[in-house]
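Engineer: Top line first, the protein sequences correspond to chains H and S.
Take the numbering used here: the final residue in the first sequence is number 249, and no numbers are missing along the way.
Take the numbering used here: the final residue in the second sequence is number 317, and no numbers are missing along the way.
Keep in mind the hints are simulated off the structure, nothing from the lab.
Check the hints yourself; a few may be wrong.
Stated by the list, open to error - Pairwise CB distance ranges, derived in the manner of DEER restraints: (1) H/92 <-> S/68: 29 to 39 Å; (2) H/30 <-> S/27: 47 to 57 Å; (3) S/35 <-> H/168: 37 to 47 Å.
Stated by the list, open to error - DSSO-like cross-link-like pairs, simulated, lysine-lysine; straight-line CA separation at most 27 Å: (4) S/149 <-> S/172; (5) S/26 <-> H/237; (6) S/53 <-> S/26; (7) S/53 <-> H/237.
Note that the structure is a prediction, hence the values are computed from the model and not measured.
Idealized CB from N, CA, C, for every residue including glycine.
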Amino acid sequence: SLKRNIMAAGGKDGPKSPSRPRAGPGPLARSWLVLYNIVLTAGWIAVTYVSLLHVMNNSTPPTVYSGIYDSAEVVLKVFQSLAVLEIVHAALGIVPSNVLLTSFQVFSRVFLVWGVLHPFKEAQTNLGVSLCLGAWSITEIIRYSFYTFALLNMKPYVLQWCRYTFFIVLYPIGVTGELLAIYCALAPAAEQKPFTLELPNPYNYSFYYHYFLVVIMLSYIPIFPQLFFHMIHQRRKIIGGGAKEAKKE
Amino acid sequence: VQGCQSDDHRITSRMEIEILHARTGKQLICLDHVDNYSTVLDLKKWIHKEFPKYHPVRQSLRLEPKGRSLSDEETVHSLELKPSGRKLYLRDLGPQIGWRTVFLVEYSGPIAAYMLFYLRPAFIYGVTKAKMEPVVHIACACWMFHYVKRLLETLFVHRFSHGTMPIRNLFKNCSYYWGFAAFVAYYINHPLYTRPMYDHLLEYPALAGFVINELGNLSIHLALMDLRPPGTKKRSIPYPTGNPFTALFSLVSCPNYTYEVGSWICFTIMTQCFPALLFTVAGFYQMAVWAAGKHRNYLREFSNYPKSRKPIVPFLF
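Excised from the complex, chain H in its bound form (with noise of 0.2 Å):
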């Protein structure tokens, strides 16, 4: 998805907080890593199981994909927001990845589950979700696993080269999944006025969250090219030359 993967493109093992030196985590907290990245690569491969299930037993439009998130919609709700507690890892230093990125890219991912998905119906049945769902779901287990390994002082290669090559196609697919379900949650937000804020009030301040969600996607404008050239530019160092230094380990 959109914000996910600069932190897997961010280097080997995310976009890395320049100041703090390179520690490594203890034995108790990498096994707790250890056990944190297997719990949600599972997670994921749940998400995607009980997506494929849907299909295949409801292959007919339009309930093939607006059904996805009723079955889905739990797994999806715990291991998404299971991913706050990568923000305490950047913040105690146990991962090398920044903090405000992560908590930036995280946040956008529990925003669109609990800010998009869960309170409107009209995005939960909408196309999008599954163009989500397939993306994320992807990504995430490849980045995962990764992760896994490379605690494990293994790194594949094929992993590696997975997550820097998948990115080309799901990253639109995702972007695109992302902003339909936006776009979907617009006219009921309107209507229904959840998490907003009118005048007058206490507090003279207004909240509409409407003309919040139009701002989110606008935002995407200039967000996603930086991001995806970002990607392109990380996948050339990474992989484009590195192939045989790669293969060697």
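Position chain S relative to chain H; hints supplied.
Structural biologist: The following block gives chain S in isolation, referenced to the frame of chain H:
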């Protein structure tokens, strides 16, 4: 051909200095007829003559490609370049704009923006006959006072150590100031603005606090102005003067920022407007970062710098 390096500086020897591009390492120009008394600024002017695009203010000359920027006043002699390799690296800082210009543009925006919303134009608020609470008028006066004061200080008080900044900063800074001005002004001047709880209980004390903090901020700026002789870039440790507001110097390195945050806290309490609170928090965060930097510079530059001082918040941080 190198002249001989003599300790007797009455014999100034002509030498050559290579100027290399910091990013590519390629030679840009070889300056000949340089002597020990030439300053870095002289070198920059010669480079500018060859390359009209590289105005001296956008040049950063260093001893190493990623090294510290050499100051204009340093002489070639003080650089202690070895005869075997007299080279300097040039980094292009990009188009520059004067600090004074930036400040004037930055601060005019908030004045114009707030005034626009204060007039309650129909194209923003619709036609309305709602009365304006007294505190809305007072808030406008405070806001105007604050930014007019800033404009006057830029023109008559501040002495800048750097002449210029990169032009992209202008867009960044203006977005911040103008954006927040519109954000705050829109809500305070809104027909549906709600007067603070407990009416006068907080309004007038907050106003008094605002005025005190503004005077404090002004006192600090004047004290700093007196500390630096005109036309110089001299830095010295500030101490409390006769003005009681300057007593804060004994507790913090940047009392001007402390007072500024104080002003905005009072403004927020007075108007009870959440956007004003956000503006205060954003300003505090930025000023805390600047204060930490200035505090570090003071400690580095002066070994006798008072240890009890904090950057921006007395006793805490």
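Engineer: Enumerate the violated hints, using their earlier numbering and listing them in ascending order.
Structural biologist: Hint check: 3 and 7 fail, others pass.
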